[in-house]
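S.K.: Residue numbers (the UniProt record's numbering), protein chains in the order written: chain A, 1 to 379; chain B, 1 to 379; chain C, 1 to 379; chain D, 1 to 379.
Honestly, the hints are just simulated from the structure, not real lab data. Since we're looking at a predicted model, the values are computed, not measured. Positions of the beta carbon are idealized from the N, C-alpha and C atoms, including for glycine. Take these hints with a grain of salt, some might be off.
Stated by the list, open to error - Only some residues are given here: those of chain A computed to face chain D with a beta carbon under 8 Å: (1) 263; (2) 283; (3) 320; (4) 321; (5) 324; (6) 326.
Unchecked claim - Straight-line C-alpha distance at most 16 Å; calculated EDC-like pairs for lysine to aspartate or glutamate: (7) 273(C) / 151(C); (8) 273(B) / 151(B); (9) 65(A) / 87(A); (10) 273(B) / 172(A); (11) 273(A) / 170(B); (12) 273(C) / 170(D); (13) 65(A) / 44(A); (14) 273(D) / 172(C); (15) 273(A) / 172(B); (16) 273(D) / 150(D); (17) 65(A) / 94(A); (18) 273(D) / 170(C); (19) 65(C) / 44(C); (20) 65(D) / 87(D); (21) 65(D) / 44(D); (22) 65(D) / 94(D); (23) 273(C) / 172(D); (24) 273(D) / 151(D); (25) 65(B) / 94(B); (26) 273(B) / 150(B); (27) 273(A) / 150(A); (28) 273(C) / 150(C); (29) 273(A) / 151(A); (30) 273(B) / 170(A).
Chain residues, written in single-letter form:
4 protein chains.
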Amino acid sequence: MQPLGVALVGHAFMGRVHSQAWRTVGRVFPHERPVERTVLAGVDAARARRAADELGWRDATDNWKEAVLRDDVHIVDICTPGDSHADIAIAALEAGKHVLCEKPLATTVAEAEAMAVAAGRARERGVRSMAGFTYRRVPALTLARQLIQEDRLGRVLQFRARYLQDWLHDPDAPFSWRLDRARAGAGALGDTGSHLIDLGQYLLGDTLDGVSAQLATFVDRRHAPDGTPAQVTVDDAAVFIARFGGGTLATFEASRFAAGRKNAIQLEISGTKGALSFDFESMNELSFYDATEPSGTAGFRRILVTEPDHPYLRAWWPAGHGLGYEHAFTHQAHDLLTAIHDGTDPAPGFEEGLYVQRVIEAVETSAANAGVHTPIATS
Amino acid sequence: MQPLGVALVGHAFMGRVHSQAWRTVGRVFPHERPVERTVLAGVDAARARRAADELGWRDATDNWKEAVLRDDVHIVDICTPGDSHADIAIAALEAGKHVLCEKPLATTVAEAEAMAVAAGRARERGVRSMAGFTYRRVPALTLARQLIQEDRLGRVLQFRARYLQDWLHDPDAPFSWRLDRARAGAGALGDTGSHLIDLGQYLLGDTLDGVSAQLATFVDRRHAPDGTPAQVTVDDAAVFIARFGGGTLATFEASRFAAGRKNAIQLEISGTKGALSFDFESMNELSFYDATEPSGTAGFRRILVTEPDHPYLRAWWPAGHGLGYEHAFTHQAHDLLTAIHDGTDPAPGFEEGLYVQRVIEAVETSAANAGVHTPIATS
Amino acid sequence: MQPLGVALVGHAFMGRVHSQAWRTVGRVFPHERPVERTVLAGVDAARARRAADELGWRDATDNWKEAVLRDDVHIVDICTPGDSHADIAIAALEAGKHVLCEKPLATTVAEAEAMAVAAGRARERGVRSMAGFTYRRVPALTLARQLIQEDRLGRVLQFRARYLQDWLHDPDAPFSWRLDRARAGAGALGDTGSHLIDLGQYLLGDTLDGVSAQLATFVDRRHAPDGTPAQVTVDDAAVFIARFGGGTLATFEASRFAAGRKNAIQLEISGTKGALSFDFESMNELSFYDATEPSGTAGFRRILVTEPDHPYLRAWWPAGHGLGYEHAFTHQAHDLLTAIHDGTDPAPGFEEGLYVQRVIEAVETSAANAGVHTPIATS
Amino acid sequence: MQPLGVALVGHAFMGRVHSQAWRTVGRVFPHERPVERTVLAGVDAARARRAADELGWRDATDNWKEAVLRDDVHIVDICTPGDSHADIAIAALEAGKHVLCEKPLATTVAEAEAMAVAAGRARERGVRSMAGFTYRRVPALTLARQLIQEDRLGRVLQFRARYLQDWLHDPDAPFSWRLDRARAGAGALGDTGSHLIDLGQYLLGDTLDGVSAQLATFVDRRHAPDGTPAQVTVDDAAVFIARFGGGTLATFEASRFAAGRKNAIQLEISGTKGALSFDFESMNELSFYDATEPSGTAGFRRILVTEPDHPYLRAWWPAGHGLGYEHAFTHQAHDLLTAIHDGTDPAPGFEEGLYVQRVIEAVETSAANAGVHTPIATS
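With these hints in hand, go ahead and build the complete structure from the sequences.
M.R.: If you want it as structure tokens, here you go:
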């Protein structure tokens, strides 16, 4: 059977992780149709070629448009900074290629809307699009959603989400495109807060009505690696309070200044029948409190999410032999291939990515207006 | 030397804990002047007498005014519901008695202001007043303040505080005075949120400028133990975002619906040089991250706060033989006795209690106004 | 009703903790007959008087025999070093006084046998004796036993027990009577290992058949506080493997050189239907794994042992307001008073204390014989 | 440059993990000479072919001898049950192929000795051999060794190691070759206990003098998947006490009946200057206690071993984005390739594998002789 050719656009951190996923997916999850790492596109031809050799892609180019239009490319995987997502994704969808686009979907709501429109049109022609909110595919979080759907928490009353990092904690940490509003769209809010917003819609199957927010930039001038001073134009930390449509009270925080926390996605979800607690720094564990247990033996139980009957786990190692960060990307590739094969829409699609973008915009609007409750726009 | 006579007003949960503290303080912490448990006041004479016998108080009365005016009473310890604090405290201070008043100081800002005025006048006559924000005296939190004062955290950028309980989680949990706005002033916000507000000013030595808040009442009708239906007129959960005067970004949550959390005061404080993390459910531990350590060996260290050189610990047991909830009340009594002996003001005084009340009011105002940033009133 | 008079012999660490228990027990646990702290006996009259004042005992003496024979003394509480236990306990029992004796019961099996004989004779006259293995009364461990008795673990296959401290870790830590075989009987093995041996018989309701052991003394010369050099004649660490009569495989370790562990009693008990895990450094928690749960949601659950329906807890504070080290001593006093009132034998009695002594002896014998399996003597 | 061809013998659990490592190593760790997955050998030709396709090996065979002798094969990777290790390894070494052999090295000391002799001879011809004790390459454990070598623990006094699993916990779990002494050599002792023995020599750079042991078989009859009853001829659990040559007191346990523990390699190592604690179920963390810190701020610190300056980490993801079980196998392949390139001996070699085998034999001898101390044979 003819292989599915993939074009990877971008070969920095995300490109490397996605490469590992594309190399691994067919070896761990059986798929009828093989995957081929056809071409890697970058901005510089020589560096793209070197990256292709290192990461295992056949061809290399400095022209993403060319890569996207190739006949032997069926999937376009976008791993570039946010300001180029819309152009690449729309071009690829129009060319009839399935698209996997890193998050956040775009840098503005307008771009995200255009992408969602393009994705809608492409869908009619059987072309799939997917937003790369990978943490949905950490088995502990997939299990969390299952437990919520099975009503193990009852009515969900409170949703708390924090994404804590500390890489900007050092005032001498260098300036990068991630601190530039024009390229990144937003700071902690867009980069990691977007994951929390997506996890909210994923885990609860519900969307936010509105938000009340504050943003902070603790260090507003930094230096690029070459010594040039630069203005930080994004948030270092974002906090907001919100309500889900179904009434759940929610709090969110994204910070790049949480000393000692490296990639701590911390969730605690409380319902009338139980609660869940999670920290990505212990990504193979999910804590579950079953409030229907007798009080004498009730307690948060630490589920080691490595059993064969846990999501995605049957394909991997025996119980107790934990997974790492990159595995969620392999699961993402697996789910996309499955959707393509089955002719169904993978989740999250661009519409869910657009929703995340709208929440980000509402957060910024609220923060600019003394924290007043700001509704989330709907189309 | 003539003993210091104590009058205890109220003999429910708080009265019982305070009794244990008054029994213990002189046996563990050496004080020149002995303490006498002189009289216990309640609303019903027979029940007060029974409580006095059980808890070890000499006399009993159903007339707190009489107790407060006795010549052999030097300290009045107020453990009643919030709506009677002002009357008792002001009467006691005017009668020249030192006052220890349970938190929150009052049910309204107006009451708290009157109390602070009375405390100010009494101070001029050498009469002391103290608000019962006991968690300051959990050794791990006293140590936390020391570390912050020693600049181990550098500039404090973020302060996060949650007080999670789940005793209302059961929709059939009975109605009590704590759910009645008239008697309790506020719900989770006043009862446990007040501790967080106080811990903020205690740990950071700073006060909040303003807040942006939401309140939630998840179950608004309950039944009294006798079956009478009653309206819940207070919040079940309160969340708010705030800024300290010095710029620290802060988030607060108090909830009585956090399934599985019994008395979880969870703090995480991030600074430029380090961070602290605490959970009262492991009250003998403080986690400290020293960001000045080489990254290869940096990590949150779990300090078991039971060493002789930790606050209050020299008086107790050897290292590793942890303390419990009630010990902070013994420390509180010890600190009050020390202040009385030394002729200094114990902390927190009624002014700090008034500040907490003002924050509570601002939170309610903000929540009633779509979360808009609401400044904290100053006198 | 005439109060029960208590004579306390010894007023060092244990005497102070027992005093706190005797002060507290009647205030927290209702007993018909009040308890009186009648007399404190020490080796020096002036120091005994000072201790009595500080700790709240009416009389003081430097003659324990006199104290033990007083008509107004009904309970003798022995808190002296191990080499005087037998004399005091036997004299008290012969005088018809109930005896609570600190652990380990004695310094030799011969002494412990004599004490058990005396306890047996006294029992016939309604006189009670109790060995002070207090950790049985930490609520989490009392709950552990309940769960085992309720068959929640099924057949118990493995029992692992460690008691880790580090107070000798510093080679300059001073010499004390605890390092002198003549006075202490044994080192870590007797002082803390004895608790583990008792917890084994308590939790499993079973006794050891024999042991295979090694002892280590890492620092064999130290200096007394006055500078005199002294030979360490006890073990610094003891490890042994054993089998319970019912077939459970067991491992034990007691160490005073476990850097960073202050009073870590660590248990892990595995059965065919579940497992329990405990660490005294988090004494309000018990971890329970229910192997009958579906594997998808099974996990060690952290039971916060502070609920009203947990052992001893109804008498204390609301859920989540944890207890400390000393509370187990109050429970011990409560259980002794209950047994005296009911005319039943408190547990553990001197026979159980004698068993512990025999295991200690077998451990020492095995260690002296290249670790060969050494059976536990029976009478 | 001509690629290094690898022959994989065996394609069950270990073969699958090794395949993932060989696929990944060159993409993550730069090596001048590429690696080729040349041939996969199994016992059944059809199943081998299927496995080769699935796991990404070019050729397949049911004749390992043929595979081993191919000119385009330079490395033989042995992932078969223990009883075939010696034959394959010796044949490969004699054919001049580098060998990576899964642990335990063999099923008997005699086999292991023959393998070590063959490895010694091969070494003289520049042919390398390596025993697959992969856990050395979990970054947290590599870091542990670094800290010990840097004297951060001072003199190591105690070494405690447990390897807890529960897959035999269910009495209806099926019989497999791992429960057959003839094929597996030993039970928990050989399978997982061997890792602990290796970690001892790796972390401490020291070997055991002798052991005192007990073995247990809790369920001695099981059924094969086809229903045939079979006798369990290996241990279900092994416990032993030992001394390292340098004086460190050591305890070991391997169990397949520890309910709730899935792959818990638990270490605690205490020295005069500090301590380390580790649990593989949280494999990205190492706990370190620095006893030279002031007691007021000392505590076990949880090092998240995901920093660029931690072992192997620079090649992977940013801090906080943890690794999984399989990564240690990629590190193993990387270290073997480096040794081959550099012309040095990789560690652990077959001599270290032979030492592990000798300890296993001594444990079995001691257990058969009432636990008496049994010295470890030396050549």
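S.K.: A separate judgement is required for each hint: does it hold in the structure or not?
M.R.: Hints, verified against the model:
1. Below 8 Å, beta-carbon pairs count as interface contacts, and residue 263(A) has one with chain D at about 3 Å; its hint therefore holds.
2. Restraint check, residue 283(A) versus chain D: the minimum CB separation of about 6 Å is within 8 Å; hint holds.
3. At about 3 Å, the closest approach between the beta carbon of residue 320(A) and any beta carbon in chain D falls short of 8 Å, and the interface hint on this residue holds.
4. For residue 321(A), the suggested interface contact is upheld, since its CB lies about 4 Å from the closest CB of chain D, less than 8 Å.
5. Hint status for residue 324(A) relative to chain D: holds, with the closest Cβ pair at about 3 Å, below 8 Å.
6. Restraint check, residue 326(A) versus chain D: the minimum CB separation of about 7 Å is within 8 Å; hint holds.
7. Between residue 273(C) and residue 151(C) the CA atoms are separated by roughly 8 Å; this keeps the pair inside 16 Å, and the hint holds.
8. The straight-line distance between the Cα atoms of residue 273(B) and residue 151(B) is roughly 8 Å, inside the 16 Å bound, and the hint therefore holds.
9. For the hint linking residue 65(A) to residue 87(A), the alpha-carbon distance of about 10 Å falls within 16 Å, and the restraint holds.
10. The suggested pairing of residue 273(B) with residue 172(A) holds, with an alpha-carbon distance near 13 Å, which does not exceed 16 Å.
11. For the given pair, residue 273(A) sits about 9 Å from residue 170(B) by alpha-carbon distance, which is consistent with the 16 Å threshold.
12. Between residue 273(C) and residue 170(D) the alpha-carbon distance is near 9 Å, which keeps this suggested pair within the 16 Å criterion.
13. Restraint check for residue 65(A) and residue 44(A): satisfied, since their Cα atoms lie roughly 14 Å apart, inside the 16 Å limit.
14. A hinted pair counts as satisfied when its Cα atoms are at most 16 Å apart, and residue 273(D) with residue 172(C) qualifies at roughly 13 Å.
15. Restraint check: the Cα-Cα separation between residue 273(A) and residue 172(B) comes to about 13 Å, which is no more than 16 Å; the hinted pair holds.
16. Distance hint between residue 273(D) and residue 150(D) is fulfilled; the C-alpha atoms sit about 11 Å from each other, no more than 16 Å.
17. The straight-line distance between the Cα atoms of residue 65(A) and residue 94(A) is roughly 12 Å, inside the 16 Å bound, and the hint therefore holds.
18. The suggested pairing of residue 273(D) with residue 170(C) holds, with an alpha-carbon distance near 9 Å, which does not exceed 16 Å.
19. Proposed proximity of residue 65(C) and residue 44(C) is supported: the alpha carbons are some 14 Å apart, at most 16 Å.
20. The suggested pairing of residue 65(D) with residue 87(D) holds, with an alpha-carbon distance near 10 Å, which does not exceed 16 Å.
21. Taken as a hint, the residue 65(D) and residue 44(D) pair is honoured in the structure, with Cα atoms around 14 Å apart against an allowance of 16 Å.
22. For the suggested pair residue 65(D) and residue 94(D), the alpha carbons sit about 12 Å apart, so the restraint of at most 16 Å is met.
23. About 13 Å separates the Cα atoms of residue 273(C) and residue 172(D), which keeps this hinted pair within 16 Å; it holds.
24. For the suggested pair residue 273(D) and residue 151(D), the alpha carbons sit about 8 Å apart, so the restraint of at most 16 Å is met.
25. Restraint check for residue 65(B) and residue 94(B): satisfied, since their Cα atoms lie roughly 12 Å apart, inside the 16 Å limit.
26. The suggested pairing of residue 273(B) with residue 150(B) holds, with an alpha-carbon distance near 11 Å, which does not exceed 16 Å.
27. The straight-line distance between the Cα atoms of residue 273(A) and residue 150(A) is roughly 11 Å, inside the 16 Å bound, and the hint therefore holds.
28. For the given pair, residue 273(C) sits about 11 Å from residue 150(C) by alpha-carbon distance, which is consistent with the 16 Å threshold.
29. Between residue 273(A) and residue 151(A), the direct Cα distance comes to roughly 8 Å. Compliance with the 16 Å bound is thereby established for this hinted pair.
30. Restraint check: the Cα-Cα separation between residue 273(B) and residue 170(A) comes to about 9 Å, which is no more than 16 Å; the hinted pair holds.
Hint violations for this structure: none, all hints satisfied.
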